[in-house]
Amino acid sequence: MLLELRDLHVNYGNVEALHGINLTVNEGEIVTILGANGAGKSTTLNSICGLVKASKGEILLDGKPIHTVPAHNIVKLGISQSPEGRRVFSTLTVEENMELGAFTLSDKEKIARNKEWIYDLFPRLLERRGQLAGTLSGGEQQMLAIGRALMSNPRLLLLDEPSLGLAPILVKSIFDTIRKINKRGLTVILVEQNARAALKLADRGYVMEVGNIVLADDADTLLSNPDIQSAYLGGKGH
Amino acid sequence: MEEFFQQLTNGLAVGGIYALIALGYTMVYGVLKLINFAHGDLFTIGAFLGLTLLTSLGLTDSIGPVAGLLVLAVMVVILVGVVGFLLERIAYRPLRSSPRLSAVVSALGASIFFQNAIMLIWGARPLVYPHGLLPNVTVNVFGAELPLIRILMFVISVLLMCGLYYLTHKTRIGTAIRAAAIDQGAAKLMGIDVNRVISLVFMIGPALGGAAGVMVGLYYGQINFTMGWLYGLKAFTAAILGGIGNIPGAMLGGLLLGVVESLGAAYISIAWKDAISFLVLILILIVRPTGLLGERVADKV
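Chains as they are written, first to last, in the UniProt record's numbering: chain A, 1 to 238; chain B, 1 to 301.
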């Protein structure tokens, strides 16, 4: 088991956002977390990255607790996130954004190799490498956010709503890319509103509602679950 | 023409000082969205430390005026950098998650503290830098006789600014500083230790201000414990003029303000010198509140 969340509680001030969730991720898997806005999906990812702190419970990576590690040291442990809303550094160039993704690496050759691989994955970024990230289209910014997260050579990639606001054709291309990087051995946690696409891609899925995990199963089983179909897949499946 | 050129170069020399101080305001604002009101006083501390080291170490006698002043400037830069570091640790970091106003009040408090500390240590009367440290010669530039110190001041300011530009735009740590100024959370996700970046900014900004303090002491000869107020305000104007948070903007704003002020003093009235600067501030706030280079890149959704 690569990652384990045990009875994880997170508070924002006096409000508890996560009420003790349990979640596991095995090496090489794609695990998706589904749920409505405000269910706690992004909070879950941000607590793994150390951006928000657990008030109770544990986060274990390879069985070792990481929930007390400061956010900037999480990357070195091999966890990297493409955050909700992309959050690319808009007044820096595409290339500078990519370089920052490799901030924790010091081996210049390795950085160059990673860059080459990622530009290969997203040729559009190569075309626009000298451009300011804020001038990119939404789809390109999403590619940059994912590419930037890959620059640190993560073992575990957290993707928060990579399809948000993108045209269907771009969504398909982004999801194909996620499959491709997963095939290279990268473990992925995918938070998505686009539940059907996410479940088709994922091995397993968790469903969250107001800070709790209410369902956990294989992706295929979830896809054919009538409750899931009516709540997240827009009525009956086909 | 000669008069114009004299005023222009004087404006550039003074503008270089404004620019160096403005960089401190703009860098701190960039990462913390806070106006460090104590920054002008760090500039004053630089001027006073410079004078004390100058008179107590006698470096200009033992290793020559130019080398002596350089070593002295480096020492001041380091010392003021340390003061800036401590300022952030003591006055700002504990308030990082408090409402913005608390940090502003803390900044004003720090400014009052520094002014009074300087007065207690060095006294309330103006102090005078020793005369004749640099050979009192003029250099012929395009037919105009310019004082050597004015040229040196401008050249050193520009060199320091080039150094800072290189640091912030061409190095990893500099890119990290700019990234933390844009989005601290995203910067943390890159593995950047944002607290260290903030500490670094609070050392670099005051260090440049300290260097400016020494140069002002050498240029005008006289320093006093309240001088940071007016210089700080002018430099703040320069930072707004260039676009607060924007590093090249602070450089441009400083030089521009120096020149406008100097020409205004010469051709309108010397009595209006400060009024002209603040008229510039008011105009820029009305006409172009984002400053000359402070244009925002639209975030696409």
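Since the hints were derived computationally from the structure, they do not count as laboratory data. Wrong hints could be hidden among the right ones.
Here are the simulated lysine-lysine pairs, DSS-like style, with alpha carbons at most 25 Å apart [unchecked claim]:
hint, chain 1, residue 1, chain 2, residue 2
1, A, K180, A, K76
2, B, K33, A, K110
3, B, K33, A, K76
4, A, K76, A, K53
5, B, K170, A, K108
6, A, K200, A, K172
7, A, K172, A, K183
8, A, K110, A, K200
9, B, K170, B, K273
Incomplete in silico selection of chain B near chain A, CB under 10 Å [said to hold, decoys possible]:
hint, residue
10, E3
11, L86
12, R89
13, I90
14, A91
15, L95
16, P99
17, L101
18, A181
Per the computed footprint, the stretches of chain B lying under chain A, defined by three or more beta-carbons under 8 Å from a beta-carbon of chain A, are [to be verified]:
hint, segment
19, 19-31
20, 138-144
Glycine included, every Cβ here is placed at the ideal spot set by N, Cα and C.
Against the structure, the hints:
no.	hint	verdict
1	A:K180 to A:K76	23 Å, holds
2	B:K33 to A:K110	35 Å, violated
3	B:K33 to A:K76	29 Å, violated
4	A:K76 to A:K53	18 Å, holds
5	B:K170 to A:K108	15 Å, holds
6	A:K200 to A:K172	12 Å, holds
7	A:K172 to A:K183	17 Å, holds
8	A:K110 to A:K200	33 Å, violated
9	B:K170 to B:K273	37 Å, violated
10	E3	42 Å, violated
11	L86	22 Å, violated
12	R89	17 Å, violated
13	I90	22 Å, violated
14	A91	23 Å, violated
15	L95	17 Å, violated
16	P99	14 Å, violated
17	L101	19 Å, violated
18	A181	9 Å, holds
19	19-31	violated (count 0)
20	138-144	violated (count 0)
Hint compliance for this structure: hints 2, 3, 8, 9, 10, 11, 12, 13, 14, 15, 16, 17, 19, 20 are not met, and every other hint is.
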